[in-house]
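Sequential numbering of the sequence shown, starting at 21, is according to this note's numbering.
Simulated from the structure, these hints should not be mistaken for lab results.
Bear in mind that the values here come from a model prediction, so they are computed numbers and not experimental data.
Quick reminder that beta carbons are idealized off the backbone N, C-alpha and C, glycines included.
Heads up, some of the hints might be wrong.
[Said to hold, decoys possible] So the derived label-pair ranges between C-beta atoms look like this: (1) Met72 with Asn198: 16 to 22 Å; (2) Pro43 with Met72: 36 to 42 Å; (3) Lys200 with Asp176: 29 to 35 Å; (4) Asn41 with Asn196: 27 to 33 Å; (5) Thr45 with Pro199: 20 to 26 Å; (6) Glu89 with Asp49: 18 to 24 Å; (7) Leu44 with Lys200: 19 to 25 Å.
[Said to hold, decoys possible] The calculated DSS-like cross-link candidates involving lysine-lysine, where the alpha carbons are at most 30 Å apart (straight line), are: (8) Lys200 with Lys171; (9) Lys112 with Lys42; (10) Lys103 with Lys160.
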Amino acid sequence: ITLSRNMKTRPWKVEVGGLVNKPLTLDIDDILKQFPQEERIYRFRCVEAWSMVVPWIGFKLSDLIKKAEPKAEAKYVRFLTFKDPEMAPNQKTTRYPWPYYEGLTLEEANNKLTLLATGIYGHEMPPQHGAPIRVIVPWKYGFKSIKSIVKIELIDEQPKTFWSDLIPKEYDFWSNVNPKVPHPRWSQ
């Protein structure tokens with residue numbers, strides 16, 4: 021799925037591809053029409069030992085995956101955020117390998133709790149929270165809930181992820197919330 025959009029204007033286009041049988045092209049308005057939105061209240065937890073309760077608006081990621089009809093060899097989902105250094109000046113730095121990228125297993129992506137969020141606190145998703153669409157995975161730490169998604173690929177091998185490439189001892193692929201397992205640099 022590729023979202024081609026300008027953060028200042030609507031609509032955004034979505035191309036569905038990868039290991040799928042049914043490629044699609046949708047804009048954000050089509051997404052809002054085709055996928056019934058619901059509010060879900062989830063605890064959002066950071067590895068830096070803070071959490072908050074957030075009312076997200078969105079739909080099950082599994083509904084979008086189902087519509088694309090994944091091929092049998094698809095085992096993982098890879099997400100990619102936008103890259104626009106003019107809009108996001110921190111992306112001009114070479115300190116990080118922009119754009120941000122993240123991944124889930126197909127089983128996790130298809131879990132009924134995994135949400136593609138299009139809004140927050142009763143409103144359309146603002147840029148600072150990940151407009152136009154972000155993933156919310158309530159049993160994982162917040163960095164797994166990638167913001168401002170521009171591409172979703174169904175793939176057959178475990179994808180690399182931004183933080184596990186940078187600091188693998190602290191941010192593994194799985195990154196499930198477990199308060200009994202301390203972060204290497206602080207307690208949970």
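Cross-check of the supplied hints:
| no. | hint | verdict |
| --- | --- | --- |
| 1 | Met72 with Asn198: 16 to 22 Å | holds (18 Å) |
| 2 | Pro43 with Met72: 36 to 42 Å | holds (37 Å) |
| 3 | Lys200 with Asp176: 29 to 35 Å | holds (33 Å) |
| 4 | Asn41 with Asn196: 27 to 33 Å | holds (31 Å) |
| 5 | Thr45 with Pro199: 20 to 26 Å | violated (42 Å) |
| 6 | Glu89 with Asp49: 18 to 24 Å | holds (22 Å) |
| 7 | Leu44 with Lys200: 19 to 25 Å | violated (42 Å) |
| 8 | Lys200 with Lys171 | violated (34 Å) |
| 9 | Lys112 with Lys42 | violated (36 Å) |
| 10 | Lys103 with Lys160 | holds (24 Å) |
Hint check: violations occur at hints 5, 7, 8 and 9; the rest are consistent with the structure.
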